[in-house]
Amino acid sequence: MLVQESFKLGEANNSMPADLLEEMLTLIKSNVHYSSGMQELLFKSKFILTELLTNAIKHANSNDVSLNLEITDGFLRFVKTDFGSPFTLPQIKDEQFKDALIVTADVMHTLYAKEEGGRLHFYCHENTVTSIDIENDFPEHFGLLIITKAADDFYYQYNEQQQANIFTAIIKL
Amino acid sequence: MIDIIKNQSNYLLVDVNLQEANMANASTFRSEIIKMLDLHHKKIILSLHQVNYIDSTFLGALVAALKHAISLKLDIALVGLKKDIHDLMTLIRLDKVFKIYDNFNDATKED
Numbered sequence: 000m001l002v003q004e005s006f007k008l009g010e011a012n013n014s015m016p017a018d019l020l021e022e023m024l025t026l027i028k029s030n031v032h033y034s035s036g037m038q039e040l041l042f043k044s045k046f047i048l049t050e051l052l053t054n055a056i057k058h059a060n061s062n063d064v065s066l067n068l069e070i071t072d073g074f075l076r077f078v079k080t081d082f083g084s085p086f087t088l089p090q091i092k093d094e095q096f097k098d099a100l101i102v103t104a105d106v107m108h109t110l111y112a113k114e115e116g117g118r119l120h121f122y123c124h125e126n127t128v129t130s131i132d133i134e135n136d137f138p139e140h141f142g143l144l145i146i147t148k149a150a151d152d153f154y155y156q157y158n159e160q161q162q163a164n165i166f167t168a169i170i171k172l
Numbered sequence: 000m001i002d003i004i005k006n007q008s009n010y011l012l013v014d015v016n017l018q019e020a021n022m023a024n025a026s027t028f029r030s031e032i033i034k035m036l037d038l039h040h041k042k043i044i045l046s047l048h049q050v051n052y053i054d055s056t057f058l059g060a061l062v063a064a065l066k067h068a069i070s071l072k073l074d075i076a077l078v079g080l081k082k083d084i085h086d087l088m089t090l091i092r093l094d095k096v097f098k099i100y101d102n103f104n105d106a107t108k109e110d
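In the order they appear, the protein sequences are chains A and B.
Residues in the first sequence are numbered from 0 upward in steps of one, following numbering that gives the first Met the number 0.
Residues in the second sequence are numbered from 0 upward in steps of one, following numbering that gives the first Met the number 0.
For the record, the hints were derived by calculation from the structure and aren't laboratory data.
Accuracy of the hints is not assured; some may be wrong.
[Said to hold, decoys possible] Take a look, some chain A residues computed to stay more than 10 Å from chain B by CB distance: (1) E50; (2) R76; (3) E115.
[As the list claims (entries may be wrong)] Listed below are several chain B residues computed to face chain A (Cβ distance under 8 Å; list not exhaustive): (4) S55; (5) T56; (6) L58; (7) G59; (8) A63; (9) L65; (10) H85; (11) D86; (12) L90; (13) V96; (14) K98.
[Claimed, not checked] Taking lysine-lysine and the DSS-like style, the derived pairs with C-alpha atoms no more than 27 Å apart in a straight line are: (15) B/K66 - A/K57; (16) A/K28 - B/K81; (17) B/K66 - A/K28; (18) B/K98 - B/K81; (19) B/K66 - B/K41; (20) A/K171 - B/K66; (21) B/K108 - A/K45.
We treat Cβ as the ideally placed atom computed from N, Cα and C, and that holds for glycine.
Please take these sequences and the hints and turn them into a complete structure.
Next up, the structure:
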């Protein structure tokens, strides 16, 4: 492990604190020697971090939110822990996505999840778009979609003992 | 939060005065721009050149505003996006629903 840092979200936050985000991005920049794809790595990291924390602020008391950043030679791992209400597992199944639960489906994307080894892994399928009816068939919620598309692996676990929601996003280097 | 920079017969050029466009200001932004569409009944060219950070909540407000514009047979075009914000919109395919231009002149060529 090259770096393992834990960050706490401060009190009374109602948005992603830009200084905290910059601190984490600087840590990544300083410790990842990945010059060819650094801009893309920072882009993905920025929006994964933003959305993990936005999700926590929306659904939990921001005082109890922590974010761990781990950097190794092979991957970056972001782990967000909060103690809000557990993530509601979707119950809709679709024949096209065997064994998967549909989280959201719209003209652009189908976001689905699969339970694997006690984790709920998120995946995204880009639908073929022929025409778009924006008024009636377009979402206004993009948080999970952004993380799922930016990360190489994104999953959720619920720790019953601690009553903790744990979201993990991984970018392979 | 949003200012009209230019009021032409067929469009408004509107500046978003935010460096951080996020859940703290998304709801107000949404109300203000919907009010502007209702009042002026013109296409809006929205400049995001000041915006350095954006989150999904604000993107949701942008989409809600676009839906309202379309319901009035109007449109919202975006200009002045920072590269990573443009890349984010491409990542989640919002570039297929918003007309996005590099600058104001390009956005008004068709008008």
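Is A/E115 truly not at the interface, in the sense that its beta carbon sits beyond 10 Å from all beta carbons of chain B? holds, 24 Å
B/K66 and B/K41 were given as a pair; does the straight-line alpha-carbon distance stay at or below 27 Å? Judged against 27 Å, a Cα distance of about 14 Å means the pair holds.
Per-residue hint verdict: B/L90, partner chain A, C-beta under 8 Å: holds, 5 Å
Hint B/H85 vs chain A: min CB-CB distance below 8 Å? violated, 10 Å
Holds or violated: B/G59 as interface residue toward chain A, Cβ cutoff 8 Å? B/G59 check passes; min Cβ-Cβ to chain A is 4 Å, inside 8 Å.
Against chain A, is B/K98 within 8 Å by beta-carbon distance? violated, 12 Å
Would you check whether B/T56 satisfies its interface hint, that is, whether its CB is within less than 8 Å of any CB in chain A? Where the cut-off is 8 Å and the nearest Cβ of chain A is about 6 Å from B/T56, the hint holds.
Grab the minimum C-beta distance from B/D86 to chain A and call the hint holds if it beats 8 Å, violated otherwise. holds, 6 Å
Pairwise hint evaluation, A/K57 against B/K66, where the allowed Cα distance is 27 Å at most: holds, 24 Å
B/L58 was flagged as interface toward chain A. Is the shortest Cβ-Cβ separation under 8 Å? holds, 5 Å
Status of the B/S55 interface restraint (C-beta, 8 Å, chain A): Because about 4 Å separates B/S55 from the closest Cβ in chain A, which is inside the 8 Å limit, the hint holds.
Does the alpha-carbon distance linking B/K108 and A/K45 stay inside the 27 Å limit? Measuring from Cα to Cα gives roughly 34 Å; hence the hint is violated.
Going through the hint list in order, the structure does not satisfy hints 1, 10, 14, 17, 20, 21.
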